[in-house]
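Knowing the structure of chain A, use the given hints to seat chains B and C on it.
Residues per chain, in single letters:
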Amino acid sequence: MSMKNTIHFVVLFAVMQMALVWALYIAPPDALQGHVQRIFYFHLGSIWPGFLAFFYVLYGSIRYLISRDLIWDRKSLVSGEIGLVFCSIVLTTGPVWAKPTWGVYWAWDARLTSTLVLWLVFFAYVNLREYIDDDSKRPRISAVLGIVGALMVPFVYMSTRIFETQHPKPVVMGDAESGIRHPDMNIALYLSLFAFTLLYIYLWRQGVKQMLTEDRLKKLRAQLLRLEGH
Amino acid sequence: METSQITNNHLMFLVAAYSLVWIMISGYVFVLSRRNKKLEKQVEDFERRLAKHGVSSDS
Amino acid sequence: MSGQVLSVFSAVLRKDLRRELRSREIFISSFLFSVILLMVIFYASKTSGVQLEAMSSGALWLCILFSGTIGLNRTHQSEMVNGCYRALILAPVEGGWLYLAKVCSNALLLIVMELLLLPLLVLFYHTDIGKNSGALLAALVLGTLAFTAVGTLVVVITANTRMKDVLFPVVQLPLVVPTLIAGVNATEAALQGKTADNWLQFLVAVNVVFLAAGFLLYDFLLEE
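Protein chains in written order, with this note's numbering: chain A, 1 to 230; chain B, 1001 to 1059; chain C, 2001 to 2224.
To be clear, the hints were calculated from the coordinates, so they are not data collected in a lab. Among these hints, one or two may not hold up.
[Unchecked claim] The list that follows gives simulated cross-link-like pairs (lysine-lysine, DSS-like), each with its CA atoms no further than 30 Å apart:
{"hint": "1", "chain 1": "B", "residue 1": "1037", "chain 2": "A", "residue 2": "137"}
{"hint": "2", "chain 1": "B", "residue 1": "1038", "chain 2": "B", "residue 2": "1052"}
{"hint": "3", "chain 1": "A", "residue 1": "209", "chain 2": "B", "residue 2": "1041"}
{"hint": "4", "chain 1": "A", "residue 1": "218", "chain 2": "A", "residue 2": "137"}
{"hint": "5", "chain 1": "B", "residue 1": "1037", "chain 2": "A", "residue 2": "99"}
{"hint": "6", "chain 1": "A", "residue 1": "4", "chain 2": "B", "residue 2": "1038"}
{"hint": "7", "chain 1": "B", "residue 1": "1041", "chain 2": "A", "residue 2": "99"}
{"hint": "8", "chain 1": "B", "residue 1": "1052", "chain 2": "B", "residue 2": "1041"}
{"hint": "9", "chain 1": "C", "residue 1": "2131", "chain 2": "A", "residue 2": "137"}
{"hint": "10", "chain 1": "B", "residue 1": "1052", "chain 2": "A", "residue 2": "99"}
{"hint": "11", "chain 1": "B", "residue 1": "1052", "chain 2": "A", "residue 2": "137"}
{"hint": "12", "chain 1": "B", "residue 1": "1037", "chain 2": "B", "residue 2": "1052"}
{"hint": "13", "chain 1": "A", "residue 1": "4", "chain 2": "B", "residue 2": "1041"}
{"hint": "14", "chain 1": "C", "residue 1": "2015", "chain 2": "A", "residue 2": "137"}
{"hint": "15", "chain 1": "B", "residue 1": "1037", "chain 2": "A", "residue 2": "219"}
{"hint": "16", "chain 1": "A", "residue 1": "4", "chain 2": "B", "residue 2": "1052"}
{"hint": "17", "chain 1": "C", "residue 1": "2015", "chain 2": "A", "residue 2": "218"}
{"hint": "18", "chain 1": "A", "residue 1": "209", "chain 2": "A", "residue 2": "137"}
{"hint": "19", "chain 1": "A", "residue 1": "209", "chain 2": "B", "residue 2": "1037"}
{"hint": "20", "chain 1": "A", "residue 1": "218", "chain 2": "A", "residue 2": "4"}
{"hint": "21", "chain 1": "A", "residue 1": "137", "chain 2": "A", "residue 2": "219"}
{"hint": "22", "chain 1": "A", "residue 1": "4", "chain 2": "B", "residue 2": "1037"}
{"hint": "23", "chain 1": "B", "residue 1": "1038", "chain 2": "A", "residue 2": "99"}
{"hint": "24", "chain 1": "B", "residue 1": "1041", "chain 2": "A", "residue 2": "219"}
{"hint": "25", "chain 1": "B", "residue 1": "1038", "chain 2": "A", "residue 2": "209"}
{"hint": "26", "chain 1": "B", "residue 1": "1038", "chain 2": "A", "residue 2": "218"}
{"hint": "27", "chain 1": "C", "residue 1": "2015", "chain 2": "C", "residue 2": "2131"}
{"hint": "28", "chain 1": "B", "residue 1": "1037", "chain 2": "A", "residue 2": "218"}
Here chain A stands alone, though its shape is the one from the complex (with noise of 0.2 Å):
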C-alpha cells in the first residue's frame, strides 16, 4: 500500500512537472491571444477530474444504497470534496483568462453557466451532512442527493447547449477555435490532463484513508469507553 503511494506520487511529481514545463514553455504561444492562452491547459486539466469525481458520486452513492457499507458513503463524499476543489479551479481561473480574451470577468456562456450549476449542485452534496445531526440518517440523505445531483449534470449541460444552438452569438474565442494546431500544444494538453486525473486519484486516496482511520477511532473510543466504564 505505501510502496504503491510512493509510486503514486513520484509519477504525479513527474508528470505535473512536465506538464508545467510544456503548458508554460515549450507550447508556443497561441497566434490571437499570446501567452494567456497557456490558462487553457490547466483550467481544462481540471474540469476533467471535476466529472470523473462527479459521476464518482453517482457509482458510490448507489453502491452505498445498496450495500449499506460506510465506505462507500466516504468514498463518494471524499470524490464530491475534490470536485468541489477541482471545479472551483475551473470557475476561478476561467474567468481570469475571459477577463483578457472576452474582455469582460464573466458572461452567461453555456460552459460557465453549466460549470457554476454543477459548483452549487457539489456545494449542497458536501456540505448537508453538515446540518443533520442525526449520524444514522446523515450517509443515507447524502446518498439520495448524490444520486439526485448527477442525474441533472447532463440535462444541466444539454439546457445550455440547446440554448447556444438556438441564439447563435458572435464567435467568442471558444476552446476549439483558439487553434490546437501545434503538436506540442496538444502534448501539453494531455500531460495536464494527466496530471490533474493522478492529482485526483492522490487525493482521493488519502482522503479515504484518513475518513476510514477516523471511522476506527471512532471505533476504539467506544471500545474504550466501555473498559472505562467497567
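Then chains B and C, alone, in the frame of chain A:
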C-alpha cells in the same frame, strides 16, 4: 512598445490563473492536514487514557 | 397488489387535494406571492427598457419557481405535524407510489395557480396567450411536473436537516435550472405562436429520468 505592454499585462493574468490553481489545491491539502491534527489529538487522548489502565502504548 | 397500489395512490392524492381545498392556505399565500412577484419583476427590470411582452415568459417561470418552492415546503411541513407522515410510511405499498401521488397533487395545485396567473399576465404584461395555447399548456404542464418531480424529492431530503427552511431553496433551485431554461424557452416559443419541440422533448426526458429516480429513491428517504 504598445504590444509588449499588452503581453506584459496578459502575463499577469497567466500568473494569476496558475496561482489560483495552486491556492485551491493547497487549500484542500490544508483541510486534510487539519483533519489529521484532529485525529492525532484523539490518538494522544487514547494513549493517555490507556496509560491510566496501565497499558503502555509501546507494547 | 395493483388494486391496492391504486387505492393507496388515489387516497393520498385525494387527501392532499381535499386538505388544500378546505384550508386553501398554501394556495392563497403562493398565489398572492406570485402577484407581488409580477409587480416586483416589472419594477426591477423597468429601467433596462425590456419590452413587457418579451418579459412575460420569464416572469411567469420565476413565479412558478419561487411560489412553487414556498408551496412545496409548506405542504411538507403540514405533513409533519400530528405524525401524519409517519402514518403515510405505514401504507402497505412501496414508497414510490406515495412519491408519485405527492408529485401529482403538488403539480396539480401549481398548474391551477399558473392558469390563474395567465389572465394576470395578459393584464399586467399585455401578453397574447392565445397564439398557440396547446403548446403553452404543454410547456406549463411538463415544466411544472419536472419542477415538482425534483422538488418533492428534495423537500424530504432537506427536511432531515437542522435548517430545512433555508436549505430547501438553496438545494432545490440549482437543480431546477435546466427545467427553468427549458420552460422559459418553450413558453416563449408558444407565446410567439410556435412550438418548441426540442424543449418539450427535453422536458419529457427530465420528467422520465426524475420520476423514475424518485420512484426508486423515495423508499430510502422514508426509512426511520
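Comparing the hints with the structure gives:
no., hint, result
1, 1037(B) x 137(A), "holds, 27 Å"
2, 1038(B) x 1052(B), "holds, 22 Å"
3, 209(A) x 1041(B), "holds, 17 Å"
4, 218(A) x 137(A), "holds, 17 Å"
5, 1037(B) x 99(A), "violated, 40 Å"
6, 4(A) x 1038(B), "holds, 26 Å"
7, 1041(B) x 99(A), "violated, 46 Å"
8, 1052(B) x 1041(B), "holds, 17 Å"
9, 2131(C) x 137(A), "violated, 50 Å"
10, 1052(B) x 99(A), "violated, 63 Å"
11, 1052(B) x 137(A), "violated, 36 Å"
12, 1037(B) x 1052(B), "holds, 23 Å"
13, 4(A) x 1041(B), "holds, 28 Å"
14, 2015(C) x 137(A), "holds, 28 Å"
15, 1037(B) x 219(A), "holds, 18 Å"
16, 4(A) x 1052(B), "violated, 38 Å"
17, 2015(C) x 218(A), "violated, 45 Å"
18, 209(A) x 137(A), "holds, 22 Å"
19, 209(A) x 1037(B), "holds, 14 Å"
20, 218(A) x 4(A), "holds, 27 Å"
21, 137(A) x 219(A), "holds, 18 Å"
22, 4(A) x 1037(B), "holds, 24 Å"
23, 1038(B) x 99(A), "violated, 41 Å"
24, 1041(B) x 219(A), "holds, 16 Å"
25, 1038(B) x 209(A), "holds, 14 Å"
26, 1038(B) x 218(A), "holds, 12 Å"
27, 2015(C) x 2131(C), "violated, 37 Å"
28, 1037(B) x 218(A), "holds, 15 Å"
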